[in-house]
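Peer 1: Keeping their order, the protein sequence lines are chains A and B. Heads up: the first sequence is residues 0 to 259, going by numbering that gives the first Met the number 0. Heads up: the second sequence is residues 0 to 259, going by numbering that gives the first Met the number 0.
None of these hints come from the bench; they were simulated from the model. Treat the hints with care, since some could be wrong.
Computed cross-link-like contacts, DSBU-like style, restricted to lysine-lysine with a CA-CA straight-line distance of at most 30 Å [claimed, not checked]:
1. LYS60/B / LYS28/B
2. LYS74/A / LYS115/B
3. LYS82/A / LYS74/B
Quick look at which bits of chain A chain B covers, simulated, 3 or more residues with Cβ under 8 Å [to be verified]:
4. 72-79
5. 114-126
6. 133-140
7. 168-180
8. 184-196
All figures in this text were calculated on a predicted structure; none of them were measured in a lab. For every residue, glycine included, the Cβ atom is placed at its ideal position computed from N, Cα and C.
2 protein chains.
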Amino acid sequence: MRWFFNFSSLLVLLNFGMLNRSCEAMSTKRILVYGGKGALGSVCVDTFKAQKWWVGNIDSKANDIADVNIVVDSKSDLLEQEKSVIDQLQSSLGGDKVDAIICVAGGWAGGNASSKDFVKNCDLTYKQSAITSVIASSIAAKLLKTGGLLTFTGSAAALDPTPGMIGYGMFKASVHHLTKSLGASNSGLPAESTVVALLPITLDTPMNRKFMPTANFASWTPLDYVSSLLVKWCNNESRPPTGSLVKLETENNQTQTKIV
Amino acid sequence: MRWFFNFSSLLVLLNFGMLNRSCEAMSTKRILVYGGKGALGSVCVDTFKAQKWWVGNIDSKANDIADVNIVVDSKSDLLEQEKSVIDQLQSSLGGDKVDAIICVAGGWAGGNASSKDFVKNCDLTYKQSAITSVIASSIAAKLLKTGGLLTFTGSAAALDPTPGMIGYGMFKASVHHLTKSLGASNSGLPAESTVVALLPITLDTPMNRKFMPTANFASWTPLDYVSSLLVKWCNNESRPPTGSLVKLETENNQTQTKIV
Chain A
0 MRWFFNFSSL LVLLNFGMLN RSCEAMSTKR ILVYGGKGAL GSVCVDTFKA QKWWVGNIDS
60 KANDIADVNI VVDSKSDLLE QEKSVIDQLQ SSLGGDKVDA IICVAGGWAG GNASSKDFVK
120 NCDLTYKQSA ITSVIASSIA AKLLKTGGLL TFTGSAAALD PTPGMIGYGM FKASVHHLTK
180 SLGASNSGLP AESTVVALLP ITLDTPMNRK FMPTANFASW TPLDYVSSLL VKWCNNESRP
240 PTGSLVKLET ENNQTQTKIV
Chain B
0 MRWFFNFSSL LVLLNFGMLN RSCEAMSTKR ILVYGGKGAL GSVCVDTFKA QKWWVGNIDS
60 KANDIADVNI VVDSKSDLLE QEKSVIDQLQ SSLGGDKVDA IICVAGGWAG GNASSKDFVK
120 NCDLTYKQSA ITSVIASSIA AKLLKTGGLL TFTGSAAALD PTPGMIGYGM FKASVHHLTK
180 SLGASNSGLP AESTVVALLP ITLDTPMNRK FMPTANFASW TPLDYVSSLL VKWCNNESRP
240 PTGSLVKLET ENNQTQTKIV
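I would like the entire structure built from these sequences, with the hints used as guidance.
Peer 2: Take a look at the structure:
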């Protein structure tokens, strides 16, 4: 009797454990971080992993923390990159869809029309901002769940003319327009999904600290503020209306969001 | 005496003729038409030739009416196209500069994010609108005269979200931003130059008539209205302020310009 009791207790415990793991697998939320090896992207991958999300990284470099890495050749053209990303994702996800896609890929390159690198930097900023955002949109149309979230990274500076960084401004402006189009009716995104662009002024990245060592860091937006905001929106808390451009304003180490 | 008189008259006439030709050469105004074999571009080439301008055509196809043709491979990337255009232009112009550059290259491709050709059409509209405008800007920085004119072709539709033609909207929006940046201080354009984007609603082209045969053509903007407007601006008459987006509104066959 004592043996029997112990054995059945063990069976119950085993069954409960299996059920628990099964529920966990079913409820695991999935996010794709486009640019998940960059400064902001790495913090996002860490944050979502700490929240027990399944995280896929899409980047030119793998992030060992991510569950899956989709490595892209960021120098190739839009059509080649998109095909490669979609093929790899469909194979990795095996028919599953994702709860969120956050495109935090980006970069910066300056120059006015007479600068030596004007055209080169237009090409670079097109690849950094526009190509990644178009591919993220294509992924969303194919692999985002109903009610899912898609975010882009725009730029507060690109709300105005940017004569000293012409390519950067023009392609961030294209990301803003993309956000508004995807947020309108019949844009091709899944039903009830939300698309938002974050418009930082300056993010507090190691690279920005290196190149602007005397700036007032208290007016820069911390990366973990951004990743926490994204976690909240991904959990469907306080999401802005779809199609919104959300400016991040930081003053005295306090950040506020403002729909512009 | 009679022979001498005739001979000197001949010399005078010859000198006068040479002087005349020299003055004519000095006063001949030069324009580059980017997309000068397209529907609007061909009309512009004809119109400026009729006004005795020297006309260079930059297009994937030559225009026999033009004085010089710079043929580009519109399928290659931005850096390749720009190098090819600048090399050919510097060779053709032999150190001269131009009075105006009008970028009337363009096209249209639709589709929302779930359409089969979404990414392909983003790539196409990037090439049609953004690449040509960036190269025109680079030409302007290098080869436009002080006080010259640079124009782009934007789109009135892209002032709003364009969910049914996402790529078209996002890259026309990038052209609008480019216009504003180039119109700001220290943009790298020659001193006193003017940059303007024309924002048509629908141009009355043969292709548009073919694909929208039942539309109200009286609300479409005639191509010769656009070319006449460009002639006026090129002659420095009624130019809008630099950085302007100029919408073309046509109703009952009457077109008005409106700075937006």
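Peer 1: Can you name, in rising order, the numbers of the hints this structure does not satisfy?
Peer 2: none
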